[in-house]
Amino acid sequence: MRALPALCLLLASTAGYAETPQQIRQTYVAEATAQQAGFAPSAKRGEAFFRQRFTISDKMPGCTSCHTDNPMQAGQHAVTGKSIRPLAVAANTERISDPAKVEKWFGRNCKEVVGRACTPGEKADFVAFVSEVR
Amino acid sequence: MKRPVLTTLLTLLLATALPALADRMPLPANTPTSFKDECGSCHMAFQPALLSATDWQRTMASLKDHFGTDATLDPKTEQEIGAFLQRNAGNAWKLGAGGEPPRITRTERFIRKHREVAPRYWSDPRIKTAANCESCHKGAAQGNFSEHDIAIRELRR
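Going down the list, the sequences are from chains A and B. To convert, take the position in the first sequence, counting from 1, and add 36; that gives this note's numbering. To convert, take the position in the second sequence, counting from 1, and add 3; that gives this note's numbering.
Think of the hints as simulated: they come from the structure by calculation, not from any bench. Here the structure is a predicted model, which means the values were calculated and not measured. Idealized CB from N, CA, C, for every residue including glycine. It is possible that some hints are incorrect.
Stated by the list, open to error - Derived Cβ-Cβ restraints for the label pairs, each shown as a range:
1. A:M108 with B:R90: 24 to 32 Å
2. A:G143 with B:S65: 16 to 24 Å
3. B:K141 with A:A66: 39 to 47 Å
4. A:M108 with B:T36: 24 to 32 Å
5. A:Q62 with B:I114: 28 to 36 Å
6. B:E157 with A:R152: 28 to 36 Å
7. A:E139 with B:K67: 27 to 35 Å
8. B:D40 with A:T104: 20 to 28 Å
9. A:E130 with B:W125: 30 to 38 Å
10. A:T91 with B:V120: 30 to 38 Å
11. B:D73 with A:A66: 22 to 30 Å
12. B:A121 with A:T91: 30 to 38 Å
13. A:E130 with B:G146: 18 to 26 Å
14. B:K67 with A:E130: 37 to 45 Å
All chains, full assembly: derive it from the sequences and hints.
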């Protein structure tokens, strides 16, 4: 009985850590709406972004360079050959569950592949795509 | 009468066990999670013993352009990983220097250990790059670099 409050606290803290893709998407939607009234995320735009070729990096012209054409599939780092678990939430439940990790990888990959920081709208669309794709 | 036999046996045992031991290089038990998360997400979380302290220091000082990638970390994580690498770095004298920027694959030890590997293998699509330890050494992440269980048949000894 004495352990109950501690247990509740533990549950609450783990729940607070593992956020759902929905919650993370909402954060980006809120940021995008602040810049552009009436913004609505679109998985379709997210997919187009995922498949787009950029001219910044020779080895990584687009997301698909490492993540393959199919986000349900495991990928491979274009330079190091390290295997990469699928991007799609449907194939890898750890995806889009930690806001800090999501931000970190948007930060790194957008800079390297797109050549600039991604906008909140692009992030919201991308999160919509990878959390809905099956 | 028994002594010399025992000594010979022990010597033999040691002589066969030592090369195997040299190929066992697990990550230290107290490896910080940040090291596995940050370094191990784009490439294998390389064992600190694979580079000297000086070379790790140079690596950590140039994370902004880490082989073409911006791998900068927040100051706390950078400090934690840097200290871990310094504590567990390899013996500079045995390894040799890794060049500039330091590369594990440029150390004399790595080159000596891989001298039988024909150049064409390094560009083989299964291997891709010499930094992809796991393509040949399946147990590399667990510290097993034994040459007896190489994943690519043609390279097995």
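query = Any hints this thing doesn't respect? Which numbers, in order?
reply = When the structure is compared with the hints, numbers 1, 5, 6, 7, 14 turn out to be violated.
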